[in-house]
Amino acid sequence: MYERLTLIREFEERLKWLVETGVPVGAVHYYTGQEACAVGVCAALQPSDWIASTHRGHGHCIAKGVEVHRMMAELYGKTTGSNRAKGGSMHITDVRVGMLGVNPIVGMGVTHAVGAALSAKVRKTSQVAAAFFGEGGASIGAVHEAMNLAAIWKLPVIFVCENNGYAQATPVEYAVSVPRIADRAAAYSMPGVTVDGQDTVAVWEAAAIAVERARRGEGPSLIECMTYRYYGHHQGDDTTRYRTREEEQAARDRDCIRRFREQMLDQQLLTAAELDAIESANNKKIDAAVAFAESSPLPQPCDLFTDVYVPARPGEPE
Amino acid sequence: MTATAVRELSFGQAINEAIRQEMRRDANIIVMGEDVAGAAGRAHLGFVDAWGGPLRATRGLITEFGPERILDTPIAEMGFLGAGVGAAMSGLRPIVEIMFVDLIGCCYDQIMNQAAKMHYMMGGQVDLPLVIRTAYGTRGGDKRTYGGGAGAQHSQTLYAVLAHIPGLKVVVPSTAYNAKGLTVSAIRDNGPVIILEHKFLGLRAKGPVPEELYTVPIGRAEIVRRGRDVTLCGIGRMTHICSEVAESLAAEGINAEVVDVLTLSPLDEDTILESVSRTRRLVVVDEDTPVCSVARDIAARVAEKGFDNLDAPIKTVTAPDTPVPFSAVLEAHYTPGPAQVIAAVHELFGTGA
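Chains F and Z, in that order, give the protein sequences.
The first sequence begins at 435 in the numbering used here and counts up one residue at a time.
The second sequence begins at 10 in the numbering used here and counts up one residue at a time.
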């Protein structure tokens, strides 16, 4: 888990530096601060399980196992990218590792995770799907429709609401009618819990319970992770226009990576040297990812016309 | 109109001024949308007006009109646009912002089945003075542009699917001047009007805008450059490409007329047909994809009603029939630019490469 937590952090910090030095990577939404949510949930999943993500999806991708060099190449608009330069930050997808897509149409990923859970149930594969969404996405009608479907069909899906307090610049207490988004689980007869989304172990424990319930065929659960995004909504957003420095500092004081590190050291599960070695290996991995992205080829104009229609696959009936 | 100082305003500022001045005039006008102000409910902490929409067109309105008339919404397009429809049926004149036109998928029923049809199917019982503002377009490979590199679901030019719907007026301003005038006209219109504002123009275009209130009529195209050899018909940002091309064609002795379509529905056929009757050649330039597009609708109408005036086949220059790609290289190739328009004109004259 520490490997994934720090890999996400390193990826995002490097990306921020690249953006600030003028590397054109398109529109990006940094995940920094929320790492415990993605890592805690994905640690409770199997490699064959599915996730569907939001616009702020780099962390989910890495936590589920998307290779960082293919992500970085995608952001650079190179043909070696996860989506062959067609998607960019807001569409990173890797179905080979069960990552059904970063999705910038708010709430839509939730419906797709429900579909993946339906697929698992119909095909009897025992896979589970996790649907990540924000507290902003919790207001989308389709999210509620999807939750109801999952409940009536007892689908193996877990709904993971990352409540980072802000939908762009709109605070959650303004936009949501209930004190806790987890309270809404009652409307769909499913368990709902609120956990500290900056505590990786707490997220993992809650996710493990929900995943087990889903795998047993008992239906969906809702987990609300209370978290915080350290930076703006996207790379150009000035957070000082809507939140206080004190609030930002308080969130950083509860940093999930520092916390996890302390937990590991206190319980003598890992030594400082081992933790440092993980960080340093990740640093090199990101160096390599940037080098890979930089040296990869740009697409050719003719690539514009590839993959527009889905072809027939060999062996399928005409 | 009395002569007052004409300042340079950005496209976004011009829309802001139109809304502000109209809101002062009519207390029934409200603004709704995601982060049209931002930091909602945080005034006690000293935060108001944190965002102001993607083009900053609503920035500052909340400080003048307060949160009762400038309403930040949750992310719930189907819900709040529906509330806009209901409010318009019952005495208000809502201006609803759908942040990007790509998001109309989330609220299309409110546009297609509800707003556009209410007046007709209720036998004229209700007016529907609703304005929907939304940002559209690619960065066209320009790395400096806000909203650039946003990929297939945040870069579209989805106006054909709106212009297709009877009962809905669809306008696409191209300058700060006509953005203000068309916004005022849209607010005063008693039916639903959608205004599509190009992201590139929204933050970059500047131009002279009179301080006083004025209107630019909906349903009227404008000839922005006179010429005799070919009509270049542009929509939104593409009008600027047409003007640029007209300049370079002049250097080679081709005198192009540029028509800014401005309203896609109802379309001002007369101005286009009249222009073509003089120039006898037509190139329509449209950033939307080609199938069932406004460009081909214009071409079809001219072919039907002005065929005898044509000396050459009609050309359309559009985005290709693909989703918008992410990579800047591909996006630049995707977005119609001067080179394609010049090539189309050269084909009409049988010249060039």
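Fair warning: there could be bad hints in the mix.
[Unchecked claim] Quick look at which bits of chain F chain Z covers, simulated, 3 or more residues with Cβ under 8 Å:
| hint | stretch |
| --- | --- |
| 1 | 572 to 578 |
| 2 | 602 to 611 |
| 3 | 674 to 683 |
| 4 | 695 to 709 |
By construction, these hints were calculated from the structure, which means they are not laboratory data.
Remember, predicted model here, so these are calculated numbers, not experimental data.
Where a beta carbon is used, it is the ideal one built from N, C-alpha and C, also for glycine.
*Would you say the stretch 695 to 709 of chain F counts as covered by chain Z, given the rule of at least 3 residues with C-beta under 8 Å?*
violated (count 0)
*If you look at each residue in the stretch 572 to 578 of chain F, do at least three have a Cβ nearer than 8 Å to any Cβ of chain Z?*
holds (count 4)
*At a Cβ distance under 8 Å, does chain Z reach at least three residues of the stretch 674 to 683 of chain F?*
holds (count 4)
_Residues of the stretch 602 to 611 of chain F with Cβ under 8 Å from chain Z, three needed, outcome_ = holds (count 8)
Hint compliance for this structure: hint 4 is the single one not met.
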